[in-house]
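There are 2 protein chains.
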Amino acid sequence: MHDLSAQIAFILEIDKLKAVYRKTMVKADSNRHENSAEHSWHIAILAQIMAGYAQRKIDILRVTKMLLIHDIVEIDTGDLFAFADEQDHQAQEQKELAAAKRIFGLLPTELALEMGNLWHEFEQAQTADAQFAKGMDRVLPVLQNMSNQGGSWKANKVQQSQVLKRNHYLKDIAPKLWQYVQQEVEIAVEKGWLLDR
Amino acid sequence: MHDLSAQIAFILEIDKLKAVYRKTMVKADSNRHENSAEHSWHIAILAQIMAGYAQRKIDILRVTKMLLIHDIVEIDTGDLFAFADEQDHQAQEQKELAAAKRIFGLLPTELALEMGNLWHEFEQAQTADAQFAKGMDRVLPVLQNMSNQGGSWKANKVQQSQVLKRNHYLKDIAPKLWQYVQQEVEIAVEKGWLLDR
Ligand SMILES: [Ca+2]
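Which chain is which? The protein sequence lines are A and B, in order.
Quick note on numbering: the first sequence equals residues 1 to 197 in this note's numbering.
Quick note on numbering: the second sequence equals residues 1 to 197 in this note's numbering.
To be clear, the hints were calculated from the coordinates, so they are not data collected in a lab.
Don't be surprised by glycine CBs; every beta carbon is placed ideally from N, CA and C.
Do not take every clue at face value.
Straight-line C-alpha distance at most 20 Å; calculated PhoX-like pairs for lysine-lysine [what the hints assert, rightly or not]:
hint: 1; chain 1: A; residue 1: Lys-23; chain 2: A; residue 2: Lys-157
hint: 2; chain 1: B; residue 1: Lys-57; chain 2: B; residue 2: Lys-171
hint: 3; chain 1: B; residue 1: Lys-165; chain 2: A; residue 2: Lys-27
hint: 4; chain 1: B; residue 1: Lys-27; chain 2: A; residue 2: Lys-16
hint: 5; chain 1: B; residue 1: Lys-157; chain 2: B; residue 2: Lys-23
hint: 6; chain 1: B; residue 1: Lys-23; chain 2: B; residue 2: Lys-165
hint: 7; chain 1: B; residue 1: Lys-16; chain 2: A; residue 2: Lys-23
hint: 8; chain 1: B; residue 1: Lys-171; chain 2: A; residue 2: Lys-16
To give an idea of the chain B side of the interface with chain A (calculated C-beta under 7 Å), a few residues [unchecked claim]:
hint: 9; residue: Lys-16
hint: 10; residue: Leu-46
hint: 11; residue: Gln-179
hint: 12; residue: Ile-187
hint: 13; residue: Leu-195
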């Protein structure tokens with residue numbers, strides 16, 4: 001029963017991710033902010049739907065697991081806006097390492113290792129699986145904001161160069177999606193949803 | 001580009017699942033109601049963590065896909081409380097079939113078939129994968145309510161016999177979890193979180 005208690009402790013701990021809110025808004029729910037749990041669900045499905053655009057061979061089960069757990073550390077650190085300053089991103093990284101240790105450490109050893117390793121792999125983004133997963137995390141807000149009159153871009157005065165820099169990542173990972181993002185960013189600038197800088 | 005448009009239409013459509021609220025409450029977020037998107041995320045992770053308790057051989061990728069999409073039909077139908085009347089469940093089933101056709105039908109043919117078939121398989125619950133997935137869907141609210149002073153059980157005057165009947169399903173699928181549920185239900189009755197009927 002020891003393992004089961006540890007597993008349940010982890011499952012109950014991650015319930016808290018439903019209380020971590022992001023800048024992105026949920027159009028269908030009166031434009032309230034999106035939380036990181038429902039966001040993780042959304043990109044896990046996105047990965048199933050877009051797997052065919054991956055340039056390299058990916059293992060969709062590993063990609064999916066990474067996407068499901070990639071934000072869990074935010075329970076301790078909160079979400080950092082994708083377009084925050086570089087120094088904020090660096091400070092966040094240290095805090096996330098400690099959070100991963102604490103939260104995945106709730107699990108029985110074998111699962112703690114598996115989940116912790118998947119989280120590190122996602123963060124380091126050196127493998128095809130991690131890179132595709134990260135690409136999904138970057139492209140979803142583009143779709144959401146484009147369908148929501150600019151959404152969090154407009155609300156936070158984001159520049160087109162920031163979105164292009166962040167999604168340029170897709171160029172080698174899923175070229176067709178990168179092409180799509182470029183078209184959409186152009187439309188967003190025309191509509192005034194992104195700043196023309 | 002035709003396929004990509006269809007894929008994006010589906011991804012944006014399912015954003016609406018974040019606006020479908022269930023009876024279960026999120027303790028960490030001031031006991032607001034849980035939505036079906038974040039619930040789907042939570043049970044997808046639960047399946048990874050509890051896979052070792054499956055009595056039969058399961059394919060965890062198929063289980064995970066089923067759990068990610070199993071509630072999407074609620075975009076059209078809304079969530080029905082697990083302990084609603086039998087006739088409400090039957091009426092819901094018909095509406096869900098139409099919803100599956102509409103929503104998965106947004107996808108390009110091959111993906112529409114794959115996702116539609118996974119959804120049907122989950123609903124019919126005849127395979128080891130679907131049964132384990134369904135077991136996860138049933139057991140998670142037990143964990144949530146036990147950690148939340150009875151949560152939606154207490155708020156809706158649920159009876160212990162209802163929870164036992166619903167989770168008896170786990171007996172052959174994951175016996176260790178069924179044993180755990182029985183213990184917890186006993187505690188819940190003692191504490192007055194479930195009615196002693
Ligand atoms: Ca449901």
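Verification of the supplied hints:
no.	hint	result
1	Lys-23(A) x Lys-157(A)	holds, 12 Å
2	Lys-57(B) x Lys-171(B)	holds, 15 Å
3	Lys-165(B) x Lys-27(A)	violated, 38 Å
4	Lys-27(B) x Lys-16(A)	holds, 8 Å
5	Lys-157(B) x Lys-23(B)	holds, 12 Å
6	Lys-23(B) x Lys-165(B)	holds, 19 Å
7	Lys-16(B) x Lys-23(A)	holds, 17 Å
8	Lys-171(B) x Lys-16(A)	violated, 29 Å
9	Lys-16	holds, 4 Å
10	Leu-46	holds, 6 Å
11	Gln-179	violated, 9 Å
12	Ile-187	violated, 13 Å
13	Leu-195	violated, 24 Å
Figure legend: structure checked against the earlier numbered hints; hints not met, in rising order: 3, 8, 11, 12, 13.
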